[in-house]
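One-letter residues, chain by chain:
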Amino acid sequence: MSDTLLDIRNLGIGLGGDPAHEVVKGLTLGIQPGETMCLVGESGSGKSLTALSVMGLLPKALAPTRGQILLKGEDMLTASSKRMRGLRATAMSMIFQEPMTALSPVHRVGDQIAEVLDAHTNLDGKARRKRVLEMMEHVHLPNVESLYYSYPHQLSGGQRQRIMIAMALILRPQLLIADEPTTALDVTTQKQILTLIRELREEQGTAVLFITHDMGVVAEIADDVTVLRLGEVEETRPVDALLRQPKTPYSRKLLQAVPSLIPRPPRKLNDRPIVLQTTDLGMTYESSGWFRKGRSVVAAKEVNLTLRQGQTLGIVGESGSGKSTVARCIVRLIDPTTGSIRISGTEVASISQRALKPHRRKVQIVFQDPFRSLNPRIEVGESIIEGPTNFGVPRRKAMDRARELMELVGLPGSALDRYPHQFSGGQRQRIAIARAIAMDPDLLVADEAVSALDVSVQAQVLELLDDIQKRLGIGLLFITHDLRVAAQICDDVMVMQHGKVVEYGPAATVLGDPKTEYTRALIEAAPGRDWDFGNFRPVSETMAAMKQQQS
Amino acid sequence: MLGYIVQRILAAIPVMGFVALFVFLLLRLTPGDPAAIIAGDAATPAQLAAIRERLGLTDPIHVQFINWITDLLRGDFGVSIISGTPVINMIGSRLEPTISLALTTITLSIIIAVPLGVIAAWKQGTIIDRLVMAISVVGFSVPIFVIGYVMIQIFAMQLGWFPVQGFRSITEGLGPFAQRIFLPTISLTLLYIALIARITRTSMLEILNEDYVRTAHAKGLTDTRVLMRHALRNCAVPIVTVIGIGFALIISGVVVTESVFNLPGIGRLTVDAVLARDYPVIQAVILLASLVYVVVNLLIDIAYVFLDPRIRYQ
Amino acid sequence: MSTQAAPSGGSPSRIAQLREIVFSSPIVTFAALMLLLIVLAAIFAPWITPYDPARLSPGTRLRPASDAHWLGTDAFGRDLFSRIVYGTRISLAVGIGAAVAAVLLGLAVGLIAGFFRTLDAILMRVVDGLMAIPNILLAIAIVALSGASIWTVLVAITIPEVPRVVRLVRSVVLSAREEPYVEAAIAAGSSTWRILTRHLLPNTIAPLIVQGTYICASAILIEAILSFLGAGISPETPTWGNIMAEGRIYFQINPGIIFWPGLVLSITILSINLVGDAVRDALDPRMAKRGIDR
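Protein chains in written order, with my numbering: chain G, 2 to 552; chain W, 5 to 318; chain S, 285 to 578.
Calculated directly from the structure, the hints in this document are not laboratory data.
Be aware that a few hints might be false.
Derived PhoX-like pairs (lysine-lysine); straight-line CA-CA distance at most 25 angstroms [unchecked claim]:
(1) 269(G) x 254(G)
(2) 83(G) x 127(W)
(3) 127(W) x 61(G)
Quick caveat, the model's predicted, so the values are computed rather than measured.
Working from the sequences, and respecting the hints, build out all of it.
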């Protein structure tokens with residue numbers, strides 16, 4: 002193992018450098034030159050901290066407690082800060098999750114790349130500019146001459162991440178650390194960035210330490226995989242071996258939690274009553290200025306959908322597709338500009354807030370962020386009964402019902418007098434679901450309700466939603482950017498792009514046999530689409546097995 | 005960009021309009037007869053009538069307001085009730101000490117406070133940081149006139165380095181001018197240093213936690229470079245904003261400082277006018293001070309265009 | 285990785301929280317002790333002062349500090365110590381009165397501005413206008429017109445402080461109403477009043493307590509400045525500013541007339557500001573949490 006590029010031995014990281022409060026506990030891993038190692042784990046696994054400690058960029062509150070980080074035999078933990086500065090960008094580089102905040106908003110992007118050259122080379126201004134422009138072309142940025150003088154806010158998310166990559170690789174370091182570099186990006190952009198990283202790695206022979214929580218991304222990019230859990234290594238394996246035969250129960254559980262891209266079998270619901278129907282629903286934002294021309298942004302246009310009792314309709318799309326706008330119009334958190342919304346037969350699109358009030362009960366919503374969707378100052382029981390008491394249910398009766406609901410969502414009924422901060426993210430999302438169904442709604446809108454959750458928690462919450470739907474027979478409108486989630490839970494799927502409906506139909510048809518270019522592109526961009534993670538085999542083998550069963 | 009500037013200018017107009025309306029109503033809405041308030045308790049009916057006539061208090065209130073605004077826009081701020089001189093002339097002759105004091109204070113404060121704030125943030129939690137924070141909380145708390153008298157006591161009376169009070173125009177030579185403006189500037193500047201150092205430190209701490217500062221470190225830049233080029237540059241907007249808001253503090257502070265050091269500026273003029281109930285003068289000074297504040301903050305809004313590309317290219 | 289914003293563990297009782305703030309650093313403890321002393325001095329002024337603050341004694345004018353007069357006497361031979369102790373009463377009354385009045389007024393206006401879009405535009409222009417007038421100028425104009433009494437001084441000091449409170453409350457309300465839990469309450473059919481009082485109002489309390497302490501300090505300072513400039517409460521009343529104003533002419537003979545009340549005034553304001561800062565640090569988890577995130 003003498004040619005190991007990065008050799009982390011028994012690394013510990015503790016709060017304040019205290020061995021008694023370790024968040025990374027004796028981590029060991031090695032990366033060979035030119036290899037891509039994925040570090041995968043859920044939140045709290047210590048994967049990002051490990052990466053930052055290699056660069057010597059740990060937050061002030063944390064410090065290494067033990068071990069060594071050897072880069073070509075040199076220990077990063079004992080190197081002087083001057084030496085570390087010299088190694089950054091030349092021997093090792095790092096790119097981050099959020100390319101918007103990782104770039105300085107007040108400097109031109111070209112200058113930000115050139116600064117690396119300024120700090121580490123003796124090139125003059127002209128030569129620097131030339132190198133930067135070459136590198137920008139190398140990462141496939143368009144119009145590099147003019148883009149050089151742009152500011153980060155003028156670029157798209159994908160372009161910003163390309164700038165970050167150009168900045169990281171311009172001095173051809175042997176190690177690139179990528180900390181969830183595609184998590185904040187749309188799926189089609191994610192695919193492009195993954196391709197770029199792979200391409201540059203092959204070309205420059207860069208080893209990549211790739212941090213991610215997404216097994217799909219792992220399947221796309223990894224040579225070897227290290228699974229982390231609560232600061233400890235579960236196992237390190239070549240990617241194919243891990244995906245086929247995970248050794249530890251935790252890895253198994255992680256893989257099983259990844260929803261399958263194969264759509265669920267359709268259910269027969271056509272005879273059920275309709276709970277939600279929209280006709281030509283549209284939302285246009287008008288921004289008027291005194292001296293600027295009033296700009297109008299079409300957030301959603303001509304949305305027609307039908308949802309029956311007990312049915313799940315998924316609206317999928319990338320950011321800016323208008324999927325959340327549709328959800329918020331249906332709950333009347335915003336007022337649609339055109340079209341009609343009928344909830345169980347009642348028109349609610351254009352009636353006043355006062356007239357709407359009696360109908361509020363019928364539609365409830367669960368939001369994305371579990372940390373903000375419950376009032377932190379109010380006991381969760383109070384949050385759950387707020388709706389029912391608004392509609393005249395006596396307090397005590399509402400509380401009794403809340404207790405039942407807590408148990409229904411898998412939490413102890415005795416926890417009603419606790420505050421939100423005493424629950425984990427997944428538990429809070431369960432409480433938010435309990436609050437929504439406390440109103441006995443006909444329709445439940447879930448707006449990216451599982452997107453902020455770790456994959457194992459996500460699987461549990463999805464199961465809960467499915468279970469509740471079966472029991473209560475409500476209609477479920479599921480907004481998501483994640484095709485896997487949509488495939489697992491939805492009967493019907495609507496694909497939106499730039500505020501317009503691209504495709505709408507049964508999940509099996511839309512996801513299995515897409516008619517439009519865009520839907521096809523979306524499915525193709527889904528990371529790890531060739532793998533059926535839950536069954537530990539490639540999709541092709543699953544298909545073959547299914548065929549065999551049928552015959 | 006041009007749209008933004010025009011929009012800022014237009015937004016400043018209603019603010020000034022409201023100030024004018026408020027100043028106008030202040031006299032009219034105060035309980036009791038405005039003329040009696042101005043003239044004092046010992047006024048004869050004839051004197052009251054004369055004051056009413058001079059202030060146009062006999063007209064209906066909206067006519068009064070329109071007349072008053074029209075006069076203002078023409079630059080006519082009325083005449084002093086006490087001396088009969090046009091208010092605008094009285095103010096004009098008092099401008100130099102006030103402007104000198106304000107400018108020296110602002111310049112000195114920025115030169116001292118910004119580096120202090122930067123160092124405190126960089127060395128957060130160290131003795132240097134604590135010292136800067138101590139200076140800033142003391143600067144906020146010790147009233148200007150207390151500092152002023154302590155200064156006079158030590159540096160003018162006991163050590164005899166500076167004259168006790170008074171003012172010399174800069175046209176009479178830089179030496180005498182500087183000698184007399186020095187102590188007032190020091191007294192007033194402590195408050196402003198406290199304000200700017202504090203906001204600089206807070207904004208720097210916030211920005212040092214930003215992702216792009218981490219990126220800058222990841223590029224292998226030196227600490228000084230990260231601090232000056234990345235952190236401080238991104239701090240410019242909050243610092244400049246607080247300098248603008250602090251202008252109101254400077255104006256209030258000037259009134260007090262001028263009284264302590266006997267500087268014949270606008271502040272003294274105001275205090276004398278208040279004691280003599282010379283209402284036209286009070287009105288004019290408030291309008292003028294507010295105008296200065298609004299214009300300074302307008303200029304700062306426009307400066308954002310140069311400091312933040314997100315505003316430039318919106 | 286943890287984005288847990290809520291305090292860990294159960295909510296500690298108010299008293300425990302207060303104790304934690306007071307003993308957060310020796311300086312804060314000292315400041316709190318000074319404030320306690322000042323409050324006690326104000327309450328028990330008649331019992332701890334050796335002389336009637338208004339008693340004239342032409343024989344003992346402008347005396348320096350001595351056993352008979354701890355801090356000396358003023359131009360009318362009145363005992364400086366007794367006058368300063370009585371001055372505490374006015375200062376505290378004005379400070380607390382202005383803080384309470386400004387916070388309540390600002391809270392009401394700020395809630396309205398934050399929640400009702402139509403009124404917001406008008407109210408904010410008024411607030412901008414008021415903020416454009418330097419506070420001391422505004423205060424002395426109000427006092428000059430309506431005559432000097434403790435009530436007009438209180439009004440004159442309160443009005444310039446209100447706009448800042450309005451802005452604070454409005455910004456808290458505006459950001460809180462974007463929170464999903466507020467939207468969930470809207471979806472649950474809660475009334476506007478209920479959303480205001482139950483979900484939005486509690487968010488304003490912590491920042492308002494902090495702002496209140498700063499207003500208290502600022503009000504005490506401005507009252508002193510008004511008196512000092514001769515535009516405050518009538519000169520016979522013993523306030524710190526009045527004592528200092530009288531001392532101006534005799535500054536070269538007995539600097540103590542300005543120095544002692546100035547010192548007490550400075551310590552009072554300093555103590556309030558220090559306690560205010562400590563409360564802010566305790567209530568604003570953002571500052572304390574810095575660096576532990578990520």
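Checked hints:
{"no.": "1", "hint": "269(G) x 254(G)", "verdict": "violated, 31 angstroms"}
{"no.": "2", "hint": "83(G) x 127(W)", "verdict": "holds, 19 angstroms"}
{"no.": "3", "hint": "127(W) x 61(G)", "verdict": "holds, 12 angstroms"}
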